[in-house]
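Going letter by letter, the sequence shown gives residues -20 to -1, 1 to 399 in mature numbering (1 follows the signal peptide of the UniProt record, and there is no 0).
Some clues are possibly wrong.
Said to hold, decoys possible - Beta-carbon label-pair distances, calculated as ranges:
1) P195 x G171: 48 to 56 Å
2) V241 x E59: 44 to 52 Å
3) T40 x R106: 56 to 64 Å
In case anyone wonders, no lab produced these hints; they're calculated from the structure. A quick note: this is a predicted structure, and the numbers were derived from the prediction, not measured. All C-beta atoms, glycine included, are put in the ideal place defined by N, C-alpha and C.
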Amino acid sequence: MLFHGAVFLLLCVFAQLALCAEDFYKILGIDRQASDKQIKSAYRQLSKKFHPDKNPGDSTAQEKFVEVSEAYEALIDSESRKIYDQYGHEGLKQRQQGGGGGHHDPFDLFSRFFGGGGHYQRGQPRGHNIEIKVGIALRDFYNGRETEFQWDKQQICEECEGSGSADGVVDTCQHCGGHGVRIVKHQLAPGMFQQVQTQCNACGGRGKTIKHKCPVCNGDRVIRKSTTVSLKIDRGVARDAKLVYENEADASPDYIAGDLVVTLAEKEPDMESENPDHVDGTFFRRRDNDLFWREVLSLREAWMGDWTRNLTHLDGHVVRLGRERGHIVQPGHVDTVEGEGMPIWNEEGDSVYHQHQFGKLYVEYVVVLPDQMESGMEKEFWAVWQKWRGKIGVDLHKDSGRPDVPIAASSGEGKKDEL
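Produce the entire structure from the sequences given, and follow the hints as far as they go.
Here is the structure:
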């Protein structure tokens, strides 16, 4: 009975140790069945994210960087991972005490992982920022949208993990001693020499040489391929607004990636009928927080009124336009409709405490005259016009605004034609 109790207690201890194995998996954000490739991919992303050079003065990020390194070391080695899965942290400690290896400097691990060139080494240079434009439809500026775009990004080769070597062997250049530069002495005159520092031709300035080049990147350590990026467009965000993706520009083992700067450019409207922005035969136009619309009226509508329009807005709701009978609309007249423009963007977005306010909608009226009139219609129209003229005393011959007597040209001397 006592023996069975001891066995049960021992099993409980091992079970508790096994549960601890989830810690390293959680740190890397992977499951227990993850492949070596998935482990490397997780380490690649997290080590760059929490590297102290990228997060200066952030002690939390530095702790995360160390944790990620420890987790990667434990799980990438098959024997170490097997012990960890069975016995947890305690099993790894006993293995280390028995001479089975221990933790290495996380910076050395990082340097070795990214091709031996010291990727993200302290004081390492930063790559250039890259700016790209993404065309956004006006409808998406109005409603907001979560979408994606693609661009060709330079990435560290996954096949060789940025080493450029097919077998992982990267040697120190024998010509420059790993410095990437050589000192060349030139004789200027008898007894006079000049020393010039030049890039090492043997290694191309890298300080490393590769005997068997990676078949994917051909030893370049980087490749360029299409990358998908998630894009969140806030309602009412300004046209040509810039979104910054930190350290998402071209990657390289030689420098810290710069930022990817995305400019939200308004897409030119497509005249195809399938275009959802093609509303009621035309398009909205935007200026800051206001929208502009051009509505076409017939001569009868402009002169006599008694018309309505149901304007479908960018989010599908209807704006009603119209005039009662007898209300005239002059060509080029502009109506102002409050609250029917663009949503006014706010960093806090929609919330209980802040609801979207809207700009104005300006509606410009264009009056289309008929190409011709039938004889009977022309006579009826002229009769009405004569009646209106007689009622208010209008002389049709003066309606053009021309003066009765031509204006004489100025005879002043010394004056020049300003045109």
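| request: Quick one: which hint numbers does this structure break? Sort them smallest to largest. | output: 3
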